[in-house]
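Visitor: Throw the hints in and build the complete structure from the sequences for me.
Residues in the sequence shown are numbered consecutively from 339, following this note's numbering.
Source of the hints: derived by calculation from the structure; they are not laboratory data.
One should not assume that every hint holds.
Below, in silico cross-link-like pairs of lysine-lysine (BS3-like), each with a Cα-Cα straight-line distance of 25 Å or less [what the hints assert, rightly or not]: (1) Lys490 <-> Lys552; (2) Lys490 <-> Lys524; (3) Lys524 <-> Lys552; (4) Lys485 <-> Lys552; (5) Lys524 <-> Lys494; (6) Lys552 <-> Lys494; (7) Lys456 <-> Lys485.
Distance ranges between label pairs, derived from CB positions [what the hints assert, rightly or not]: (8) Asp517 <-> Pro435: 45 to 51 Å; (9) Ala426 <-> Asn546: 18 to 24 Å; (10) Asp474 <-> Leu408: 50 to 56 Å.
In this text, a Cβ means the ideal position worked out from N, Cα and C, and glycines have one as well.
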Amino acid sequence: MRYFIELSYRGTAYHGWQTQANGSSVQSTLEAALTKRLRKPVFVVGSGRTDAGVHARQQFAHFDLEEPILLSDALIYSINCILPEDIAIRTIFPVRPNDHARFSAISRYYQYHITRYKNAFENNLTYHFRPELEVDRMNEACQVLLKYTDFKSFSKARANVDHFRCRLDFAYWERGEADLLTFHIKANRFLWGMVRTIVGTMLEIGQNRMSLEKFEQLIVAQDRTIAGRAAPANGLYLVDVGYPAGLLAQRILVG
Numbered sequence: 339m340r341y342f343i344e345l346s347y348r349g350t351a352y353h354g355w356q357t358q359a360n361g362s363s364v365q366s367t368l369e370a371a372l373t374k375r376l377r378k379p380v381f382v383v384g385s386g387r388t389d390a391g392v393h394a395r396q397q398f399a400h401f402d403l404e405e406p407i408l409l410s411d412a413l414i415y416s417i418n419c420i421l422p423e424d425i426a427i428r429t430i431f432p433v434r435p436n437d438h439a440r441f442s443a444i445s446r447y448y449q450y451h452i453t454r455y456k457n458a459f460e461n462n463l464t465y466h467f468r469p470e471l472e473v474d475r476m477n478e479a480c481q482v483l484l485k486y487t488d489f490k491s492f493s494k495a496r497a498n499v500d501h502f503r504c505r506l507d508f509a510y511w512e513r514g515e516a517d518l519l520t521f522h523i524k525a526n527r528f529l530w531g532m533v534r535t536i537v538g539t540m541l542e543i544g545q546n547r548m549s550l551e552k553f554e555q556l557i558v559a560q561d562r563t564i565a566g567r568a569a570p571a572n573g574l575y576l577v578d579v580g581y582p583a584g585l586l587a588q589r590i591l592v593g
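Guide: Right, here's the structure in full:
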């Protein structure tokens, strides 16, 4: 039997999603809680690997068991009681044996949150960035970004991938309540460090430290060394993972 888990987490205390030899991860913490509650070894596969300090409002993972389990609100409540407060399971539901949390996913949607003023209640949850930004210019840069599919210039050099192509569905900046500024970006896949490097580069554009022409040139150059520095992890959120119609049909949300 294969099961999908829908969960969320605050990534501040973790060395990313993936199990690490030298630090705690969301994956290993989740596996430990499931193993304890189900009384058998459980290994999970996530839809993607968020970096250290990155948060997820919605993440999916799958695990396999030889025998079916009785799914109920009480089961999920008990697993959540074992998990630390910064990881929460929303639901667990059965899927087909060939449904895969990572390879069946068709889109990922990220947000990056920036505030100009210090907020005691948002520590490690937003990027406190004081300089004034020209958001209209940053949105012009988004239109440039959407013209391309190869994003090697925004990928970490050690990324172990066969290619650097991604299909972007949208990318834009939005001013919210108070001083919140949010970057929205959705694609079929993302490269290691891609969103944070795009954000860091666009902050240069928003401060008039980089022209739109230079921004387009660095995309074409496919050279990470000429892009801006990566923005800090604490402002980044995975907010939605998309799957083909029907895969999530058996999902039942619990309170």
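Visitor: Work down the list of hints and note, for each, if the structure agrees.
Guide: Right, here's what the structure says about each hint:
Distance check on the hinted pair: Lys490 and Lys552 sit about 16 Å apart at the alpha-carbon level, within 25 Å; holds. Distance check on the hinted pair: Lys490 and Lys524 sit about 17 Å apart at the alpha-carbon level, within 25 Å; holds. Between Lys524 and Lys552, the direct Cα distance comes to roughly 23 Å. Compliance with the 25 Å bound is thereby established for this hinted pair. A distance of roughly 15 Å separates the Cα atoms of Lys485 and Lys552; the hinted pair therefore holds under the 25 Å criterion.
For the given pair, Lys524 sits about 19 Å from Lys494 by alpha-carbon distance, which is consistent with the 25 Å threshold. For the hint pairing Lys552 with Lys494, the CA-to-CA distance comes to about 20 Å; that is within 25 Å, so the pair holds. The hinted pair formed by Lys456 and Lys485 fails the criterion: a straight-line CA distance of about 35 Å is larger than 25 Å. The hinted window of 45 to 51 Å between Asp517 and Pro435 holds, with their beta carbons roughly 48 Å apart.
For the pair Ala426 and Asn546, the supplied restraint of 18 to 24 Å is violated, since their beta-carbon distance comes to about 41 Å. For Asp474 paired with Leu408, a C-beta distance near 55 Å keeps the hint of 50 to 56 Å intact.
Figure legend: structure checked against the earlier numbered hints; hints not met, in rising order: 7 and 9.
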